[in-house]
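Be aware that the sequence shown starts at 36, since it is given in the numbering used here, and climbs by one per residue.
Heads up, a few of these hints could be off.
[To be verified] Under the rule of at most 20 Å between Cα atoms (straight-line distance), these lysine to any residue pairs were calculated in the SDA-like manner:
| hint | residue 1 | residue 2 |
| --- | --- | --- |
| 1 | Lys39 | Glu64 |
| 2 | Lys275 | Val238 |
| 3 | Lys67 | Lys39 |
| 4 | Lys275 | Thr299 |
| 5 | Lys289 | Glu308 |
Please keep in mind that the hints were generated in silico from the structure rather than gathered at the bench.
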Amino acid sequence: MFNKHLLGIEGMTREQLELILELTDRFAEIGKRPIPKVPALRGRTVASVFFEDSTRTRLSFESAARRLSADTLTFSAGSSSLSKGESLRDTVEVISSYGADVLIVRHNMAGTPKRVSEWTQASVVNAGDGCHEHPTQALLDCYTLKQQRGSLDGMSIGIVGDIRHSRVARSNVLAFTSLGAKVTLIAPQTLLPDFMENWPVDVSNVFDDVIADLDACYLLRMQSERQSKGLVPSLREYAKDFGLNARRSLFLRKDALILHPGPTNQGVEITAEVTTDERSIILDQVTNGVSLRMAVLFMLLSPHESTQMDEVK
């Protein structure tokens with residue numbers, strides 16, 4: 036399925052995406068059991084190797100591993116030998132020597148998970164690398180939308196915010212369009228990437244012009260450093276033009292869906308009352324993230340794709 040690693044959505048076919056979403060259904064069912072645990076990966080070890088903070092993603096992967104009965108290792112860059120001069124490669128080789136079967140890697144430099152995959156015999160999952168990709172976030176978002184609508188075919192999805200610096204946006208554009216959705220990028224021109232002419236998307240610089248046409252509104256976290264770099268006049272101005280507040284949400288369809296990768300920056304890209312709107316499926320994304328990551332770990336460590344569905348008991 037992933038040829039040993041999951042480094043990005045780029046290059047994955049629609050059939051591959053649909054297979055992982057189908058398997059996620061099986062693990063979602065396990066999550067509803069009184070004891071949501073199966074012995075599928077007993078004796079295996081999953082290591083979280085995070086060089087960049089992300090409590091949510093790390094806990095989601097570790098919860099997924101434990102539900103599969105795998106052992107877990109947690110690496111913290113702040114308290115590691117990296118601060119004493121140890122190289123990234125040395126760190127990876129040491130963690131691999133502890134018997135890790137999968138390394139979950141997050142780093143602020145694009146391409147680092149790919150480099151790590153060249154230094155270890157373990158499988159590598161990209162948990163976010165710079166502005167490049169965040170494949171499991173895109174997969175869980177696709178699963179959450181499919182869960183709500185049955186299919187992404189023909190859906191109109193707006194991705195709102197800092198597209199230029201967002202690995203989530205890049206992975207989601209690739210995944211959403213592969214599954215048949217129509218994607219519109221909504222942002223000020225300063226927050227749109229230079230390379231988007233290669234993407235099969237529409238673009239709008241005015242949120243209010245397109246909001247009524249959306250089946251799903253995907254809001255990206257807006258970070259304060261974008262203001263300090265002069266990419267937006269102020270966070271207040273950004274919120275006025277691109278934030279989803281109670282007033283603007285009135286223009287969304289009654290059956291539209293609201294998503295956010297978390298954590299939310301309330302009062303900027305989204306307000307507190309919108310996060311609890313009946314159209315919000317943000318908490319569903321969190322729940323589904325564990326099931327999706329269970330499916331990813333299982334597929335990476337299962338030797339025969341043909342038996343994967345039968346092995347999940």
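Hint by hint, here is what the structure shows:
1. Lys39 - Glu64: violated (25 Å)
2. Lys275 - Val238: holds (19 Å)
3. Lys67 - Lys39: violated (29 Å)
4. Lys275 - Thr299: holds (16 Å)
5. Lys289 - Glu308: Holds, at roughly 16 Å.
Consistency with the previously given hints fails for numbers 1, 3, ordered from lowest to highest.
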